[in-house]
Structure formats: C-alpha cells, structure tokens
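> Sequence lines, in order, name chains A and B. The first sequence begins at 0 in numbering that gives the first Met the number 0 and counts up one residue at a time. The second sequence begins at 0 in numbering that gives the first Met the number 0 and counts up one residue at a time.
Keep in mind the hints are simulated off the structure, nothing from the lab. Treat the hints loosely; a few may be bogus.
[Stated by the list, open to error] Selected chain A positions facing chain B (in silico; Cβ < 10 Å):
1. 82
2. 92
3. 94
4. 104
5. 215
6. 223
7. 226
8. 229
9. 232
Please read all numbers here as calculations on a predicted model, not as lab measurements. All C-beta atoms in this analysis are idealised placements derived from N, C-alpha and C, irrespective of residue type, glycine included.
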Amino acid sequence: MDDLPHQERRAIVRTAKDDDQGGITRRTVLTGAAAATAVATLPVVDRPPASAAPSPDPNPKDMVAFILLSSALTGIAETRLAPGFSFPKLSEPPTPIDFEKLNPGSDPVDVKSEYFKWVNKRHPATFEKLRRIAKDNLNAPPNRELAIIGKIPTVDDTELTQSEIDLKYLARSIVLMWYLGAWYDPDNLQTPNASNFEVISPKAYTQGWALKVAQAHPMGFSEMQFGYWTRPPNPRGDFIG
Amino acid sequence: MHNRRSLAVGFMCILVLGILPTHSHAQATPPASGEKVLGQPCNLLHDRVPVSETDPTAAKPITLTPLLAPEFVPGKTTLDPKIKNRILNLGLPCQENVDVSGPDDSMTALENLQRGFDFYSWLTFIALNSPADGRSIEQSNPDTRTKWESRNNFMHLLDVMIKDPVPGKNEPKWQNREIPKECVGKYKDKIKNINDMMVIEMIEETFNEPFKTGALIDQQGNYALFDILMNKQMFDYIVENKLYSKTAQMENAGLKVDFPSGFNPEKGKIEGGDPGAVMIKVSWKVIESEKEKQKFHTVDALVLMPRHDEKVDKSEPPCLRKTLGLVGFHVGHKTVNRRQWIWTSFEHVDNVPEDEEIKSGKLKKSYNFYKVNCGGACSVNQTPPHPWEPTYANELKFHDRSFRSQITRVVPLTDETRDMNKRFQSILENTVWKNYMLLSTQWPSDFGCSRRGDPKEKVIPASKQPTDFNKQPDMNCGATPTFLANSTLETYSQGQVPLASSSCMACHGNAVSHQRRSPSANPNDPDNFFNQSDFTFMLEKAR
Chain A
0 MDDLPHQERR AIVRTAKDDD QGGITRRTVL TGAAAATAVA TLPVVDRPPA
50 SAAPSPDPNP KDMVAFILLS SALTGIAETR LAPGFSFPKL SEPPTPIDFE
100 KLNPGSDPVD VKSEYFKWVN KRHPATFEKL RRIAKDNLNA PPNRELAIIG
150 KIPTVDDTEL TQSEIDLKYL ARSIVLMWYL GAWYDPDNLQ TPNASNFEVI
200 SPKAYTQGWA LKVAQAHPMG FSEMQFGYWT RPPNPRGDFI G
Chain B
0 MHNRRSLAVG FMCILVLGIL PTHSHAQATP PASGEKVLGQ PCNLLHDRVP
50 VSETDPTAAK PITLTPLLAP EFVPGKTTLD PKIKNRILNL GLPCQENVDV
100 SGPDDSMTAL ENLQRGFDFY SWLTFIALNS PADGRSIEQS NPDTRTKWES
150 RNNFMHLLDV MIKDPVPGKN EPKWQNREIP KECVGKYKDK IKNINDMMVI
200 EMIEETFNEP FKTGALIDQQ GNYALFDILM NKQMFDYIVE NKLYSKTAQM
250 ENAGLKVDFP SGFNPEKGKI EGGDPGAVMI KVSWKVIESE KEKQKFHTVD
300 ALVLMPRHDE KVDKSEPPCL RKTLGLVGFH VGHKTVNRRQ WIWTSFEHVD
350 NVPEDEEIKS GKLKKSYNFY KVNCGGACSV NQTPPHPWEP TYANELKFHD
400 RSFRSQITRV VPLTDETRDM NKRFQSILEN TVWKNYMLLS TQWPSDFGCS
450 RRGDPKEKVI PASKQPTDFN KQPDMNCGAT PTFLANSTLE TYSQGQVPLA
500 SSSCMACHGN AVSHQRRSPS ANPNDPDNFF NQSDFTFMLE KAR
C-alpha cells in the first residue's frame, strides 16, 4: 500500500571525460566557474514569466525522457530532479529497463513541467532529438548517463553540422536552466551575448540546483530548519541525490 | 461558653476559608461506561473499498468507497446505512491509509494521495467532534460536548504549561485543571457544574493571530478567540520529559524532542495501534442570538480576559460567561509515515466568501467575517486598527465599535475538496456539522524523507524509531499543498508567496523550544545539539 515507490539510488559515474567539453560543463558548473561567468552583472534580458503563453502539460513519456536527459546532463539523480520518479529495482543480473514502465512521478513543486514547456516552446525540434537520445540510450553500456552524453556533440562548431550545433548548445542551455533557474538561449550561447539570460519564473529561482550543490539555499528562500546556520551542512549527497 | 466556643470555631472556619485560594481544582468526568477511548481501536477506513475490515489496502480493480463513488449524488441518492454507520462511528484514524493509485488513470499520484488524505481528515474531524458521551455524531445537538472538549481526551495548553511548575512537586496532571479564581469567585454559586465548563484563560495568542499578525473581529464587533489543546500522548511526553518547565527545558540540551507517532495495528489485526500525538487549534466567535446558536457547534464557556502585569496594573481581569460558536478547527497529527505531521483544517461554511465568488456576485446573504455589499467602505483582509488587546471595559467587544473585519478567502478550495465536502455534509445533514467544511490537508509528499527515522538508530518496529529531523535541504519533506490557510486562524497570511504565505509545515517546522546548547558541546558536531520542538510551538509556552 501507500505512496510513491521507494527509489533505488543509482550511482552516477563521473570520469575525467566529463570535463572535456569546453567552457560550460556540468563539472565547471559544479565548481562554480560557469555560474560566476553567467551570473556576473551583465545585461539581463528579463521577460516576465507571464509573457510565456500557457502550453499543455507534457506527455508523461516525453517527461520521462526529459528527466533522463536532464539527469545525465546535470549529474543530479533523477529522483531529485523529479521526486517520485519511478525506477524498477536493480536486479542481478541487470535486466533491461522498460521505458514504458517508467513513471515521471509527481511532486507539489513540479518545476520540471515548467522547464519542459519552456524549452519545448522555444526549440521543439531540437528538444525532441535530445529526448530521443535519452530514450534510445536507456540501457546503453557502460551506463546510461555516459551513453547519453556521448551522443551529444562537444567538438568545435566548425566540425559540426547545424543540427549537431543545435543539439550541443541546447544541451548546455538545459544544464544552466536546471542549475540557475534561468534561460540562456542556445542562440546566445554561441555568441558574445552568452551571458544574456531570462528569469524563467520565481519558482525556478527557488529550485535552482547551483545553491543546493553548494549545500546552501537561494537568497530569500529556505526550507531548512531554524538555526541550521549553527551547524555544519549535511553531506552534499543529502542535497543532490 | 458553648456558644462562645461555637462562635469562635465558626469564626475561625470563616477566616481559614477566606484566606484559602479561591480556585477550583477540577477533575474531568470519567468516561461513560462503554465509551471507547479515542483512537482505540484505530479507524482503518480507506477512501477506497478495502479488501477486508482489517486490511487497509484497496481491492482490485481499484474502486472508490461508495461515499466517494460517482454513483453517490449528495442529496439525491442514499448511502448504504451500514457504510454510513462505519464512516460516522469507527472513530479516530491512528494513521493515514492512502495510496498513489486510483480508479481514474488521468489523476496523478499526488492527486490520489490528496484524496486519501482529505478522506482521512474528514474521518478525523468526525471522530473528534463526536459526542463525548459515546453517542453517534448523528445524535448530537449543536451544544453537545465533543470528544476533544472532554478532559478525558484533550487538555488545554495552559493547563499543561502551568504557572510556576516544579518538577516533582508542582506538575501538570492529566485531566486536572485550575479554574481561575476570578471565575470561581463570580460563578461558583451561579453555575451548577462549574467544573464541567469550558474555560479559556486568555493570553495574547487567544486574540492575536500567529506572529502577531492581528486580531479578527466578527460582524457583531466581537473578538474571535483561539485556543490550543493536546491529547494524552502529547501530554505524557511533555510530562515525562518535564517540558512544561522552561527551566527544565533549558537544562535538557540532550533531548531531541520527538513526540510519539501514530501507527496502525499490524496487518490483519484490529487491536494494537495507537493514534500518537494529536494537537488541535480552534477558533471561536461569540454567539449573541438564539438563531445563531443553531448554525454553529456551541459551548457554554468562561472566558478570563488577559491578565495585566501586576507591577503595572493590579486590576482583576473580568471572567465572562459566553456562548461561543466554533468557526475554525485545525488538527495536527503525527504518524509513523508522516513524521512532519499531517495538517488538517476545517472552518464554518459561512465564514468568508472566496475572491471568485465576489467577482461573480454569487454570495450568501451574510457571513461571519464579511459584510456583503460593503464595497469600498470595507478594506479587504486588513488588520484592525491598533490597539489589538481587548480592554476590560469593552470585554470582548473591539474598542472601535464601528470596525468589522472584512475577510475573503484568497486561495480557493479545489473542486475535488468541494466535492468531498458535499458528500460528507450530506451524511451529516441532520446535525450542525453539515455547516463545516474541509479546506485541505497538508502532508509531506516525499515519502522516503517523511518516514525516515534516525539513521543511526535502527529500531524495529518503525513506530519506535526516533525521527530524523536533520533533513536538508527540505526538512518538511515536500509539503503538499504548498500553502494552506484558514480564514479565521491565518487570516492575514493567506496567499502563495513562498515563506511569506501561510503553510502549516513551513511555519511549524521552525518551532523551537527553550533548550540551550550545552557550553561543553562541540558546535561542529551536527548531532550534538539541535533545537527543534517537533513542529509544535507549545513548548515555547512553558512558564
């Protein structure tokens, strides 16, 4: 009876290859380098959230793919990005995961839906390709995350087709979106205007992962208990999965 | 000589009686024969059809309990009397019985769980407001004493956080309370059973809403009054750990406050569960007409006005006899799988209109805290003009006789909650309880977080495992819905602004006690000291 299925935490393997992807990568965001660059006081393009026209709720299967993609890109566990996300229990020997049986879960904040709609509205075709990569590599060796990242182009733009360039920069935009709660459009990331961003929403601000990775919280928003500042923070694993 | 001796004895008796404290230690009336202890056995009812009476899981295919099924139309179809009887009389749930699944595939896990929690809230409301004498709620009158009003089941906060406590010598005792001398002096000859009266000894929290956000004035110009109570499980924990004493709290740095959790009996059994800690907060309005009495659950109460600092003002606070009508009802219930507690809120159906109702013009004739057609003359959701403290001269009337609170509900009820309210109100249609509605139930949605015990102390069964409070980044484990406000109890903090608008858990999660870190404690050891009071502000009230 009861509740959202208990999740098996999946170990995410990080290797040196994670850093071989240019300026803004998951690792550089974790170390704060990319965040410092992006959040520096440079011109801000700030469109009120209300300017985004309402769009329908994403299809659950599309959401599952988005969660898998986002987890691979950000290094944050799926169950953290999407509380309630269901994974079948690990078995020995491992059996292939059936995509159709995955459930995106539901949580009261549901910022993932907000992000999905935001990206889908702006770059639907490329977004669909990225989700396809995630879905097609669900059971790819050596592990899903590396397989997904391996399919996203990282080399210099001069060696890529336009389609590959689109994939490369949209992936980066998604990383920044999850970490910073702000939208750095892929078209801008390719130009000297890379630091231009839009605030997605107040909710996105409170749910940004950069400060959680720092074992902290956004200014003006904290769900930690009164007096937490008198104690050392919990281990990072408590924050990011 | 005999006469002089008699006179002398008589005089001495009068003298002695005259200098004895004129308060009354009141014992509660013992439970009536055959009356069930609240929460025993546990109510295992489900929002879906159960497999058996002792198995809270639902049958396959998933079917809603008949009260919630689409086929039952309130006011038009009749519920099976057996099912109705079970819903109304099986008593208090010891913990929630909820599930992620439901009959409608289009509903999310959260929505199915919310339905389950709302159903649990209604069962809780019915159980707590059932007659204290053991009869069914269907047999209750508006002024029938409820289970929670009986000192067999709940104690008022100030009867636990007693004045000048001394562990071992002057401690709170279950069912005991002291009726203030001002009330005894005035009414003991006028009220036959003064010991059975509800007594409200006013403090600031009785008339000023949380965080001193303001007083609430009804349409007759009277203060709304607030009161807090706890059940025996909470009481026992407080007494056992001497938390009724501020000094004792300050000296007990090592205690991690952890009230007992409610738990169901083992699967297949009926006996063996326990409801755990339950706390209640209520709001009352003063009833001034016979007509009003029929719309509210009422109580004959003695209200002692706030005492002033004797160094400044030695005047004696008036003790007022008033008929009070229930307008708001909060329940906090800690369970083994929801250690951040489950937060239930009900209120009277005529309290306030919703903003949408005002815009559409679909209003009732009158409300308890809103004047219809007041227009621009009434500022909405604004606090009264200062000062807020009631004055002895005005008793419970606000000093500004022209002021009335003009309150609206900012966050509307969901359609699902409205629907469930109609269903339950329909089976309570012959009682005053049909005039009350559920606002919502707030609960921790991150199940892995909410049921997690202290990882260092693996204890079986789970109900015995200490709560792990040191959770980051979200110690509330995903409060759902994010915001919840009662129009009478969180009047001025309604809304959806994070950390500013009312959320039971976001607020209560920051409650602390008077405990202090030991001077020898290592500040870098996260386990060494953690001042939290398990989601209750009661411990702050220790004297």
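> Now tell me if each hint is right for this structure.
Cross-check of the supplied hints:
Annotation: interface hint on residue 82/A holds; nearest CB of chain B at approximately 6 Å, less than 10 Å. Taking 10 Å as the C-beta cut-off, the interface hint given for residue 92/A is violated, the closest approach to chain B being about 26 Å. This hint is violated: residue 94/A has a C-beta 23 Å from the nearest C-beta of chain B, more than the 10 Å allowed. Annotation: interface hint on residue 104/A holds; nearest CB of chain B at approximately 7 Å, less than 10 Å.
Proximity of residue 215/A to chain B holds as hinted, the smallest CB-CB distance being about 8 Å (cut-off 10 Å). For residue 223/A, the interface hint holds, the least distance from its beta-carbon to any beta-carbon of chain B being 6 Å, beneath 10 Å. About 6 Å separates the beta-carbon of residue 226/A from the nearest beta-carbon of chain B, less than 10 Å, and the hint is met. The beta carbon of residue 229/A comes within 7 Å of a beta carbon in chain B, closer than 10 Å, and the hint placing it at the interface holds.
Because the beta carbon of residue 232/A sits about 7 Å from the nearest beta carbon in chain B, less than 10 Å, this interface hint is met.
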